[in-house]
Structures are given as C-alpha cells and as structure tokens.
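S.K.: Given the sequences, and given the hints that come with them, work out the whole structure.
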Amino acid sequence: MAYSDKVIDHYNHPRNVGSLPKEDPNVGTGLVGAPECGDVMKLQMKINPETQVIEEAKFKTFGCGSAIASSSLATEWVKGKTVDEALAIQNTDIVRELSLPPVKIHCSVLAEDAIKAAIVDWKKKKGVETPATQSSATHD
Amino acid sequence: MAIQLPIYMDNHATTPVDPRVLEAMLPYFGEKFGNAASRNHSFGWTAEEAVENARGQIARLINATPKEIIFTSGATESNNLAIKGAAEMYREKGNHIITQVTEHKAVLDTCKRLEKYGFEVTYLPVEKDGRINLDDLRRAITPKTILISIMYANNEIGVVQPIAEIGKIAKEKGIFFHVDGVQAVGKIPVDVQKDNIDLLSVSAHKIYGPKGCGALYVRRRNPRVQLSAIIDGGGHERGMRSGTLNVPGIVGLGKACELCQNEMAQESEQLRRLRERLKEEIFSQLDEVYVNGSMIHRLPHNLNISFAFVEGESLLMGINDVAVSSGSACTSATLEPSYVLKALGVGEDLAHTSIRFGLGRFNTEEEVDYVVSRVVETVRRLRELSPLYEMAKEGIDLSKMNWKAS
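These protein sequence lines map, in sequence, to chains C and Y.
Read in order, the letters of the first sequence are residues 0 to 139 in numbering that gives the first Met the number 0.
Read in order, the letters of the second sequence are residues 0 to 405 in numbering that gives the first Met the number 0.
Be aware that a few hints might be false.
Unchecked claim - Pair by pair, the computed Cβ-Cβ distance ranges are:
1) C:N25 / Y:Q3: 49 to 57 Å
2) Y:N401 / C:E84: 24 to 32 Å
3) Y:A391 / C:V127: 46 to 54 Å
4) Y:V100 / C:N11: 36 to 44 Å
Hints were generated in silico from the structure; no laboratory data involved.
Just so it is clear, CB atoms sit at the ideal spot from N, CA and C, and this is done for glycine as well.
M.R.: Now the structure itself:
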C-alpha cells in the first residue's frame with residue numbers, strides 16, 4: 000500500500016508524542032479502540048478552565064501508519080482551539096488532510112472519537128453534564 | 000561486502016529466479032520455441048525432450064517416477080486439480096474429505112466449493128504449536144472418507160506437519176493422501192514413498208524457479224490414483240491437464256528442483272544458522288517478543304514473531320528497506336488478522352503484531368544483522384509511541400480492560 004507524503008511525515012516525525020498526568024483536573028484523557036482490532040489511541044489534552052482553550056495535547060497510538068498519522072494530526076489541530084472548536088473537528092477533515100484511502104477511514108474515525116472522549120473525560124472532571132457521545136476504555 | 004537495499008526476506012511469498020535456472024530457460028524462449036505436443040518435427044521433439052528431462056528432475060527430488068508428474072500453471076491449480084479431481088473421480092466411493100484449518104486458501108476454498116456440491120469436509124483444528132493431532136485425524140475418518148489433504152509445511156509459520164504419520168494412517172485406511180508441498184519441497188527432504196503421499200503439489204517460484212509453473216505428483220501404483228480433469232481440451236498430461244505445455248517454465252522448474260536436490264543439505268543448514276542468528280539477536284535485544292508455532296517442527300528458513308504492543312503494519316512501514324510480511328489485518332484485504340495465527344490460539348491482539356521472516360538462498364549474515372538492527376530500532380521507537388506498552392509497564396492488565404472500539 001502506498002502512503003501519502005503527509006502520512007509518512009507524521010509517521011516519521013510524530014507530533015506531540017507523550018503523556019500528560021491523568022489525575023490533573025485540567026487534563027482530559029481519551030482512550031479509544033481495542034488491541035484486538037489493531038488500533039488503540041490515547042489522546043490527552045490540558046484545557047484552561049477559564050478560557051476553555053486546549054493548551055497542550057499529547058498522544059500515543061498503537062496502530063498502523065495511518066492511525067499514528069491521524070492521531071498526530073489531531074493533536075496538532077486541537078492545540079490552541081477551544082473545546083467547542085475541537086468538538087467540531089470531523090473525521091472527514093482528517094481523511095482529506097492525510098489523503099487516506101477508503102480502507103483507512105476507520106483510523107480517522109478513531110481520531111475523532113479520541114478527541115471527543117478526551118473532552119468528555121475533562122467535562123466529567125469539571126462536573127459538567129454531557130450526553131455520552133464517546134467515552135474511554137475503562138479498567139474492570 | 001556492502002549491503003544492497005532493499006533486502007528481500009519474504010521468501011515464502013516468492014523467491015527470485017536463480018541465475019542458473021534463468022540460463023536453462025532462455026533457449027526455450029528463443030530458438031527452441033517448439034510445442035512439446037508436436038510429434039512430427041524436430042522443433043516439437045526438442046521441446047518434448049526438455050519437458051521429459053524436467054519431469055525426471057522433479058521426480059528425483061521427491062522420489063517419484065517421471066510419469067507421475069503432471070505440469071500445471073502453479074500450485075493453486077495443482078491443489079485444485081488434486082482435490083476436485085479426486086472428489087469427482089471417487090464420488091461413488093464417498094463424499095467426505097479431511098483437511099485442517101491452517102491450509103492455504105487454495106485448499107480451503109477448494110474444499111468450501113466442494114461443500115456446495117454436496118461434499119462433507121472436516122477441518123481439523125491445530126494444537127498450539129500449529130500441528131494437527133493424529134487422534135483427531137483418526138476420529139474424523141469415516142467409511143465415506145475419500146481424501147485427506149494436509150500441507151507439508153505452513154506458509155506463515157513454517158510449521159511442518161507429521162506427514163509420514165498421516166500418510167501411514169491414510170494408507171492403512173485406504174484413503175488418498177494429498178499434500179500441499181509448496182513450502183517444503185526443495186527445502187527439506189520430501190519422499191512420496193516414505194511419506195505415503197498419493198498427490199503432491201509443487202510450485203516453481205517458491206524454489207527459485209519462474210512464476211506460472213507448477214506440478215502435481217499423481218501416484219501411479221500402490222495405489223494408482225486417477226483424477227478427473229478440471230481443464231478440458233487436447234488431452235495433454237495423460238488427459239489430466241489439457242493445454243499446451245509452458246516449456247520454458249517447465250525447464251525452469253526442473254532445473255530449480257535439480258539445484259535444490261544438489262544443495263539442500265548445505266543450504267538448509269546455512270539458512271537454519273541465519274534464522275537462529277536472527278531469532279537470538281531479536282530476543283536478546285527486545286522484551287515481549289513471542290515465536291508463533293513450533294520451533295522444533297519448523298522449516299529452517301522461517302521465523303514468525305509477534306512484537307507485542309507494536310502493530311505489524313506500522314512496523315513494516317518503519318523497516319521499509321526490508322521486505323517481510325505481517326499477519327496484521329491492516330496488510331490484508333479483509334481487515335481480519337491472520338487466520339493461521341488465530342487457529343493456533345494466538346490472541347488477535349498479538350496476531351496484529353506478527354511479522355513473518357522468510358530467509359532464502361541469497362540472504363547473507365550481513366543482511367540478517369542489518370534486519371535485526373532495523374527491527375529492534377523500529378520496535379523500540381514504536382513502543383515509545385504505544386499506549387499499550389505504557390499501560391503494560393504501569394502494570395495494567397490489558398486483557399481486563401473494557402475497550403471501547405468504534
């Protein structure tokens with residue numbers, strides 16, 4: 000399979016790799032996907048409670064090159080955005096930016112889910128009621 | 000010696016044509032272009048002589064007689080001809096076929112088609128090491144069983160089945176025994192007499208011969224096996240496979256068999272040494288790596304490893320100057336991870352992280368060392384990127400997680 004130059008660039012130079020402290024009240028963590036499916040994304044954001052601006056974003060991804068690129072791109076995009084702006088990011092935007100082929104669309108869906116899951120987690124910490132759109136994996 | 004990139008280490012998929020094979024073939028693309036079925040002029044005789052010579056070369060490699068070799072377009076056709084041909088020919092005798100779950104699709108899908116036509120097929124499971132259980136086989140046999148089809152060695156994990164034991168059981172019960180020998184013939188000793196094999200599929204391009212050429216061994220005595228043709232026409236190959244013979248391809252297959260026979264002992268030792276080096280180096284430098292399938296009953300040139308927490312396709316992307324293959328779903332058209340690994344009981348999480356190394360005649364120690372360094376470096380880098388590796392290091396039991404797959 001041929002990858003687009005942008006996917007290769009993100010794979011070779013992933014942006015914002017790492018972890019933020021899970022317990023920090025201003026950090027939202029999204030953990031989506033499953034090892035059995037070959038894709039797991041962890042996306043974390045540090046959000047300013049006053050301005051609702053995403054000041055920092057980090058990711059770690061288990062998955063193919065397109066999954067790594069989708070989550071790397073997602074961290075780039077959410078940084079500096081407000082929570083509402085980040086929620087408006089759609090998987091199709093990622094597909095377009097990375098020129099993902101049809102078999103890799105699920106990678107972009109997962110990245111969108113990860114953004115939403117991280118925000119849900121942050122809102123939960125803040126005690127804000129949200130409709131459960133996408134939530135993270137949990138430990139039994 | 001400097002290493003030439005990219006390095007080819009995917010010799011279960013195909014092999015490069017050996018220059019000596021190519022040399023033998025070339026005249027048959029040129030001045031020796033005759034049709035082997037032309038019986039009335041020297042062009043035909045020259046071609047026929049070359050074909051008969053190749054038949055002998057193949058027969059010698061597997062301890063058969065030249066008349067028992069039928070040429071085909073490749074092992075997929077050989078498998079189809081063996082199974083469909085025997086099923087149709089012996090339909091009156093019974094409608095039951097036994098095979099096993101890690102066969103190549105050329106066998107599995109052929110059996111599935113026969114099921115549509117009223118045949119019953121038993122797909123034996125495999126043990127954790129990738130081999131069938133002989134008691135399962137004995138129990139599966141019924142008075143209606145006409146054929147047992149079991150591969151000599153698996154194309155993904157290189158696991159060698161207990162062929163001689165299966166052959167013995169088949170013979171005792173009077174059931175024909177077909178073996179897909181694609182990965183084993185030319186690599187390890189295959190003897191149709193000793194193993195009681197009645198039908199054996201062979202491919203040229205897995206043994207440094209050309210693509211588009213294969214053979215089927217069809218036993219002629221003790222017992223004599225008859226097959227219904229699946230391709231009708233001019234009645235070539237004793238009526239079992241019509242169609243003008245691919246003379247250059249057949250010459251190449253013959254030459255490839257001869258080379259394998261002459262060099263197998265030395266070559267398999269060399270490959271085993273390289274494979275052990277590859278394995279030991281990887282295992283000494285990385286944690287959480289697992290071999291898939293038996294290390295004892297295994298082709299000398301195969302290594303199939305799961306690199307936990309690193310998805311296979313992303314690993315391939317990182318070692319893009321090395322040609323290997325992965326059991327990850329992302330590299331297949333179906334988005335399902337390897338059915339072979341699943342059959343062994345390898346979890347889907349680990350199946351997604353598997354890489355198949357297929358060493359070959361032209362690989363060197365320097366290449367193995369280079370591959371090791373690229374693999375180790377890429378696995379380490381991707382583990383730094385892997386949330387699963389991080390969680391495992393934190394002591395979280397990943398199997399107890401409640402994953403939210405989309």
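S.K.: So, for every hint listed, does it hold in this structure?
M.R.: Cross-check of the supplied hints:
1. C:N25 / Y:Q3: 49 to 57 Å: holds, 53 Å
2. Y:N401 / C:E84: 24 to 32 Å: holds, 30 Å
3. Y:A391 / C:V127: 46 to 54 Å: violated, 32 Å
4. Y:V100 / C:N11: 36 to 44 Å: Given range 36 to 44 Å: holds, Cβ gap about 39 Å.
Hint 3 from the earlier list is the only one contradicted by this structure; the remaining hints agree with it.
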